[in-house]
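A.B. asks: In case you want the letters, here they are:
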Amino acid sequence: MSKQNKDKFTIAGRDFSSRLIVGTGKYNNFEETRSAVEASGAEIVTVAVRRVNVMDPNQPMLVDYLDPKKYTYLPNTAGCFTANDAIRTLRLAREAGGWNLVKLEVLGDQKTLYPNMTETLHAAEILLKEGFDVMVYCSDDPILALRLEEMGCCAIMPLGAPIGSGLGIQNPVQIRLIVEQATVPVLVDAGVGTASDAAVAMELGCDGVLMNTAIAEAKDPTAMAMAMKLAVQAGRAAYFAGRMPKKLYADPSSPLAGLI
Amino acid sequence: MIEISLNGACHKIDGNSNLMSLLEGLDLDTSKVAVERNLEIVPKSTYQNIKLVAGDRLEIVNFIGGG
Numbered sequence: 004m005s006k007q008n009k010d011k012f013t014i015a016g017r018d019f020s021s022r023l024i025v026g027t028g029k030y031n032n033f034e035e036t037r038s039a040v041e042a043s044g045a046e047i048v049t050v051a052v053r054r055v056n057v058m059d060p061n062q063p064m065l066v067d068y069l070d071p072k073k074y075t076y077l078p079n080t081a082g083c084f085t086a087n088d089a090i091r092t093l094r095l096a097r098e099a100g101g102w103n104l105v106k107l108e109v110l111g112d113q114k115t116l117y118p119n120m121t122e123t124l125h126a127a128e129i130l131l132k133e134g135f136d137v138m139v140y141c142s143d144d145p146i147l148a149l150r151l152e153e154m155g156c157c158a159i160m161p162l163g164a165p166i167g168s169g170l171g172i173q174n175p176v177q178i179r180l181i182v183e184q185a186t187v188p189v190l191v192d193a194g195v196g197t198a199s200d201a202a203v204a205m206e207l208g209c210d211g212v213l214m215n216t217a218i219a220e221a222k223d224p225t226a227m228a229m230a231m232k233l234a235v236q237a238g239r240a241a242y243f244a245g246r247m248p249k250k251l252y253a254d255p256s257s258p259l260a261g262l263i
Numbered sequence: 092m093i094e095i096s097l098n099g100a101c102h103k104i105d106g107n108s109n110l111m112s113l114l115e116g117l118d119l120d121t122s123k124v125a126v127e128r129n130l131e132i133v134p135k136s137t138y139q140n141i142k143l144v145a146g147d148r149l150e151i152v153n154f155i156g157g158g
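Chains as they are written, first to last, in the working numbering: chain A, 4 to 263; chain B, 92 to 158.
By construction, these hints were calculated from the structure, which means they are not laboratory data. Heads up, some of the hints might be wrong.
[Said to hold, decoys possible] Derived PhoX-like pairs: lysine-lysine, alpha-carbon spacing no greater than 25 Å straight-line:
#  : chain 1 : residue 1 : chain 2 : residue 2
1  : A       : K29       : A       : K250
2  : A       : K132      : B       : K135
3  : B       : K103      : B       : K123
4  : B       : K123      : B       : K135
5  : A       : K9        : A       : K73
6  : B       : K103      : B       : K142
7  : A       : K114      : A       : K73
8  : B       : K123      : A       : K72
9  : A       : K73       : B       : K142
10 : B       : K103      : B       : K135
11 : A       : K29       : A       : K72
12 : A       : K222      : A       : K249
13 : A       : K72       : B       : K135
14 : A       : K29       : B       : K123
15 : B       : K142      : B       : K123
16 : B       : K123      : A       : K73
17 : A       : K73       : A       : K11
18 : A       : K29       : A       : K132
Generate coordinates for the entire structure from the input sequences, incorporating the hints supplied.
C.D. replies: Okay, here's the thing in structure tokens:
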């Protein structure tokens, strides 16, 4: 426990106590978004950057429900398929919000939403030069993850499974390799479907988990948000506790001595 | 009147408009949006000084729910 009490989560020089980052998309309404985000205990929320509806400027806005002074808004580049589109989007986000911390994702394929890593590397290089703190969604390739870290990205965020699939951590070996070599936070971003998936990511040594659909598309998003909060905490605690070695056969828990 | 492109659609405005008057006319809270003009970010502090000209391409964005 003592280890955990001192267990700070620092991204780009900012300290956080929650290791769960949640998305704000796919909810039925802003009340539901607010309720789920509150239950998750998240301090960072991802947001998308989109055109204002100039025909109806007075419709409710996300910022009216999630106070940007209370939550760290992490603008994403969801829907961007080129480095240029991602860079334009994040320059706008910086002007809209007034902060540098961003989530870079450049997608390569509509069906899988798998990241396009050549475009991602290109975009990261330019954004870092422009002073952005870049948290980067990436493939689970340890070589590329290290490259992104060496370039100066402040968090490495490999996918656990395709975005929105809820398939769980498909690549524990890759995630562990990335975690082992990293000196910046590693977060599983995408693929979590239920609480045990989040715990698996944390047990592998990840510094955090980023998710959206697993909460937003649960039957009861607020209840699932609470479950995810506990799963991330439980996974982190188990990681520190150090799991027992796996064995091929049974090993009785009750002593054999004194058996009648 | 002049024509500009606003979030991809044609938009007619007064010939003397600056960016601030356009945003106010649209009833937009400038603290919640960001503007790109002809692919260049417009700093919020300069909205008053940006005179709009025919053919300007503006993108006005805000934050929405996303993952």
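A.B. asks: Are the hints correct? Go through all of them and say.
C.D. replies: Against the structure, the hints:
| no. | hint | verdict |
| --- | --- | --- |
| 1 | K29(A) to K250(A) | violated (42 Å) |
| 2 | K132(A) to K135(B) | holds (22 Å) |
| 3 | K103(B) to K123(B) | holds (23 Å) |
| 4 | K123(B) to K135(B) | holds (10 Å) |
| 5 | K9(A) to K73(A) | holds (23 Å) |
| 6 | K103(B) to K142(B) | holds (14 Å) |
| 7 | K114(A) to K73(A) | violated (35 Å) |
| 8 | K123(B) to K72(A) | holds (13 Å) |
| 9 | K73(A) to K142(B) | violated (36 Å) |
| 10 | K103(B) to K135(B) | holds (22 Å) |
| 11 | K29(A) to K72(A) | holds (23 Å) |
| 12 | K222(A) to K249(A) | violated (35 Å) |
| 13 | K72(A) to K135(B) | holds (19 Å) |
| 14 | K29(A) to K123(B) | holds (21 Å) |
| 15 | K142(B) to K123(B) | holds (21 Å) |
| 16 | K123(B) to K73(A) | holds (16 Å) |
| 17 | K73(A) to K11(A) | holds (19 Å) |
| 18 | K29(A) to K132(A) | violated (33 Å) |
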